[in-house]
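Dock chain one against chain two, each of which comes alone in its own frame, and use the hints as you go.
First to last, the protein sequences are chains A and B.
According to our numbering, the stretch in the first sequence is residues 1 to 694, in order.
According to our numbering, the stretch in the second sequence is residues 1001 to 1162, in order.
Read the hints as simulated data drawn from the structure, not as lab findings.
Small disclaimer: the values here were computed from a predicted structure and weren't measured.
Ideal placement from N, C-alpha and C gives every residue a C-beta, glycine not left out.
Mixed in with the good hints there might be a few duds.
Claimed, not checked - Label-pair ranges, simulated between beta-carbon atoms: (1) B/1038 with A/474: 25 to 35 angstroms; (2) B/1091 with A/353: 48 to 58 angstroms; (3) A/162 with B/1063: 29 to 39 angstroms; (4) B/1104 with A/116: 55 to 65 angstroms; (5) A/579 with B/1066: 32 to 42 angstroms; (6) A/15 with B/1041: 57 to 67 angstroms; (7) B/1122 with A/426: 16 to 26 angstroms; (8) B/1080 with A/563: 26 to 36 angstroms.
Said to hold, decoys possible - Okay, the calculated bits of chain A under chain B, using three or more residues with CB under 8 angstroms as the criterion: (9) 383-392; (10) 398-406.
Said to hold, decoys possible - Cross-link-like lysine to any residue pairs, in silico, SDA-like; alpha carbons within 20 angstroms at most: (11) A/362 with A/220; (12) A/117 with A/233; (13) A/117 with A/41; (14) A/362 with B/1129; (15) A/291 with A/521; (16) A/362 with B/1126; (17) A/291 with A/364; (18) A/117 with A/42; (19) A/362 with B/1123; (20) A/362 with A/350; (21) A/291 with A/525; (22) A/362 with B/1133.
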Amino acid sequence: MLAEIGLISTLFAFIAALYAIVASVYGERFAHSRALVTSGRNAVYLNFVLMTVSVISLQIALMTQQYQISYVWSVSSPSMPDFFRFTALWGSQAGSILFWSFLMSAFTAGATFLNWKSQRRLMPYAIAYMMAVVAFFVGVTLFIENPFDRWWILPTGDVVASAFIPVGAVAPSAAQLAETANGLNPLLRHFGMAIHPPMLYLGFVGFVIPFAFAMAALASGDLSTNWIKVSRRWALVAWVFLSLGLILGGRWAYDVLGWGGYWGWDPVENAAFLPWLIGTAYLHSVMIQEKRGMLKTWNMFLVIGTFSAVIFATFATRSGLVDSVHSFARSEIGFPMFAFWFLLTIVSVWLILWRSSRGELKDDHQLKSLFSREALFVLNNFVFIALFVAIFWGSFGAPIISELFMNTNITLGADYFLQVTPPLFILLFILMGVAPVSAWGAASLARMGRAMLIPLALAAASVGLFVVGGVTEIGALFGYGIVLLAGWVAIVETVRGILARQRVHQENLLTSLLALITRNPRRYGGYLIHLGITVIGLGVIGSTLFQQETQQTLAVGETLNIGIYELRYDGFLANQIAEDGRVMDIAELTLFRDGVEVAHLRPRRDFFPEATDMNSMTIAGAHSTVENDFYVILVNWEQISASSATFKVYINPLINLIWWGGLILIVGTMLAGYPRETMPIRVREKLRAVPQGA
Amino acid sequence: MRQLMKYVQVLIALVMIVSIARTVNAQDGTTGAITDDMVNAIAAKLYCPVCENITLDTCGTAACADWRYEIRLQLEQGMTEEQIVEDFVHRFGDRVVGTPLDPALRALSLVTPWIIIAGVLVTVAYIITRRNANAPALVQPSNDETTGNRYQDMFEQDISGS
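Excised from the complex, chain B in its bound form (with noise of 0.2 angstroms):
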């Protein structure tokens, strides 16, 4: 029932749009108590759907004009933020949010590049160690100022002109 009376909704906002757009010139233009910041807020977390990786707010499409007056009908309506970007992802699927809200996609997402950072890391890590095991005694950090400080050599050398 709920999945319907969205489907009125958003049935309902389209009609407004293709009448009410016709006779707005300034397609941004405030409308009741819902100003454009408002409109802009919601619509930088949408991506265009037709244009690839533009934002909402800043495309300068008619058919995004349409939709960012379709969010300002639906905020009007009542609708919070939340429910408009859920209502976009069931119309345009995934790729109009900048990080998918699908469950899957979304951990297919954001967990797989730690997952595989974190694979690299083990490898640098088992590299560097095998190698450390293969190969003479550790020499461990020295204190000795005659021996250790190689930065501090490094640098008189600099300054010295030697």
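One chain only, chain A, in its complex shape (with noise of 0.2 angstroms):
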């Protein structure tokens, strides 16, 4: 039954995608009748209602473990504990699909209920391209990847999946089925798996609005700043959520991975990296639009980039591609993914050239110095496409154009990655640094040295306490001191704010701070940001150059040292069954520092026995202080008595520091997203109580 309601509801959802971008178009295009396009407003909500139903139903059928859909037998399986079976909604590619359109969906209504009165012009075409992506998810979700197939046993006993009910064929057994069942990837039964993909997903779903709006500025001629307006904000949600995507994605790799690191330059990584590069590029030169009404056929280049990217990046670690070039021509949805990404690309690329060319895109103001802000974040858009450039041909340039014109196999690995975007990521840094200080305009180089002493001689002191502290590496030392260029110029910059305030009103700091950020959230919001962007580049900076690692074999009660630290290897727990069935090997160790024991550590190996494919994990061990990591995974043991084991141990200097940063990150951007205009009221009336030209 839940089957059925599930597949019939994504019908009437596709259905639905399909009548709105109809009636939105046709509405306000030819019929010019508002109660069509209405019409198509309201089929969008019924749209995320009927996704929201084919949703539930596939978590209900994932809760009540009914195994006679293929999609619950391939992701759960009787053991499982009910926090998987719930995660496994998005295990899996079908459910992941689904997942991913049923949070389009909901982007999409949500945009479309805030911005129906503000943005009458547009409303109809960005429905229509947003109704236009989703109707392509949905129809891949039904015709392609559908997670409500069924098994059947034919008259031939042969067994398939199907949405129907083919032709003399019987449903088997719900005992043999839950037998069978094959249960989540074991890398997938994790804590963070639970919040990183669908943060991920929404981080990639949520740049459908900001594409959408640009796409009905095009195709509706209101090219005046309505769509940056709306884009902007919707922009800066899916960034943060595909920051934290990113971030928790990092953490997971670290915890679950074993191999000591957050960030292995994997393509799948970077596929999600790079809308996030663009992305990123486009919130800094949307504010150039804004301020100064430049770089607008830059802009619409970007945002529809970034979803561009969004799209190729699902095609690539979907198709198969990413593995070979060969694997995504084998793949079911590879096709039609890459048909849809040269599809939207093209058309939206068509559409900023037409306009373009009849003078409809033209700038305000042309740039006037090399120093103003707007030149600065010109070449901060330049060094993010640059990443982007680098990253891209890592990933997927060279490996496919090798593999089909050279007939080899090549994979550029993290060797490659760390020769070609460090120069990239310091000027990125350097620019972080210099451009807070710079003005709209006209500037000159005298007027921002000025400004930049104070950071400058903060960040020559912090280095100077590196140096101190042992660092003696130049090239860590260099590193470290342009990150915390950055970090000491959004700090100073609040500061001054702050202490200006102070003097004019004779406020306490606090309420100065208060003040300050509510009047200009997206400015200190966005010094915020940079700040967390610093702890992350400190964290990235240790962690990279400063790891140390080891790996012997010790006899029980043996030790070994690494650093400061002192690993005893106490014995092992051998065969330990879990509550969701995976069977468990366990080393017991002690560590101590400086000769003071500070913790115990268990690094297991974990082994699933109902798993088909990859069927064990290894689970690290970690002891964690804001100095360092200490990360020891076991990597063997004697078999039969564990008298002895190997373990390979890691000291990850300043690795904390990422999380932290990201932390930042995420509280910064809220603060930059969020809405003057919904301030508290208490706040208002204070606003509105400071005399004016005080």
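Now the structure itself:
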């Protein structure tokens, strides 16, 4: 019954999406019928309701163990706890595309509801574009990756998955299905997997809104700042989710993949990073259009490029392109996804060029100084695009070209990325430090230099502290200096504002800070984001350049030494059965720092008897401090007595700054996206009470 | 002749792997003077020829454990890091290293992104220059405190509450 409900609601959601496209465009462009356009809007809401029903149906099927549904059978098993049954919704391709479609439908309904009155001219076209994307993904769910297919036994004895009952087929017995159910991929049985994919999906699908409004502006001819106002906030929402998704993905890799790192420059990771790079460039350059009426064409390219990168990333990771260009051709969703991405990009670019050729995207001002804020933002955009090019080339360009034209397979790994990207990241951090103290319009180097004096001095002093702390590598000190400069600029600019306000209004520090932030949340949210990136940068430099590692085999009672730590192997717990059926082999270790016991660590290897593909998982033991992470992996052990075991140990300096920097970045983004017009009445009244020109 | 010797060495190594690996319980335990860290230092530079984008030092498959053991044996035979990496590339292709050793592939990998980036930079510079040339007279940076310092204006606007 649940399969039928899910299937029918998905089918009607697909029809509603198609109707919304036709009604909106025809109603606005040809029939000039408001009623028709309104019915298109209602179809958006209906689509959302139907997709909600569809997702809930699959979720209930997972929770109630309806193994006749092939998706439920493939991602869950009777021994799995409810928590993982819940997350199994996005545990495999069909379910994750349904979930993706649902989120996109939710975003579309939300954007339609919030902007219907204020953006009447853009809305019909925006609805058409949003629903075209929704319709594509719902169509993929219906016709290619249907999560509501059920198992059937044909008269010939073959077992097939089909949405409809084949002639003469019977359903397999529930007991047989439960007994053979696959269970969730072991790598996905982690708390991070409950949050990481939804965040990433929200980030990805969220960019459909800025894309749709940009396209609506191009299609309708309303190229005023209306589309910018809407798209910037939605882009920020998507960006914060994407950032969170990337950071959580790094944390999951660190906890589960058992290699002591958080970013492996894997094509799948890189594919998610690519839209983030262009999206970040857009969030910077959109300010230039708002303030100076410049870069109109460029912003169109960026916002459309971001969504195009989202679709490409989805296509690349789901089609098998990452493994090989040939597996993409074999994948069922490969060609439809590629065709959709290609069509979407071509139509978008054509629309931009068409409007541009008619002179409708002409800038109001030109660049007047190389040191003006807009010039530095252009340079910032260029660096983001350069990073995009370098990472795209390493992840997809070179491997595909070498396979297609040179008949050889190559994989560009960390070696390549660590040669090509550092100069660009350095340039980016320098710009992060310099741009906030530059002025819009005309600006001089001398004025900028004066504003940079204090941050430069503070950055130099901070680098001095690193030297005192024992860091002597010139490269590392240079890196820390550049990163810290960006952070100090953000702090100094904020403090300067607080002190000036204090002088004028005689307020205390906290009141001044709050008043400053509430008056200009975008600017101070932006500074907080820069501070978050600085903290992440410090963590990346520390954990990359100063990571220590060793691998040793220890007998029970023996110790190994690394840095200031000593690790003792105390014993082994073999074949421990967990609640979800996994079999755990656990090593018991004691960690000493400068001879003092600081922690008991239990690295382990989990084995999943029911899993078919990857059936084991390495869970590291870690002792975290502000200074570093002591991270230990159980590599192997003497099978019968476990009298000896091999451990791989890492010391990852400053690695926790990456997660904390991520949190700061999230708070900063929320602040930057906070709408001033919805400030609490109390705050608005307080601001109004401040004497004008005081 | 040198090539032939290399093949013989590899053959011997493979025979030894099959026979020795079966009897070794702790597959990454130390053998002779070669430590796990020495093996991992080289394994970290090689990608698993079977799995995608996983370096040999972190790959958990039995095949990778065998390859790590092979690296150990090669080290014991006195092969240098460079020779071992070259040997793996010779047998499995350039996909086992993070950046290809083959000069043409290496150039394609490392130089192409910079060429594209330079192309983008030149295009952007050209567009900006052309637009500025078509625009009215260029405004020079001004030191006039009353008109030029928008940054200060903006800042004062923030703190004033206006």
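Output the indices of the hints that this structure fails to meet, ascending.
none
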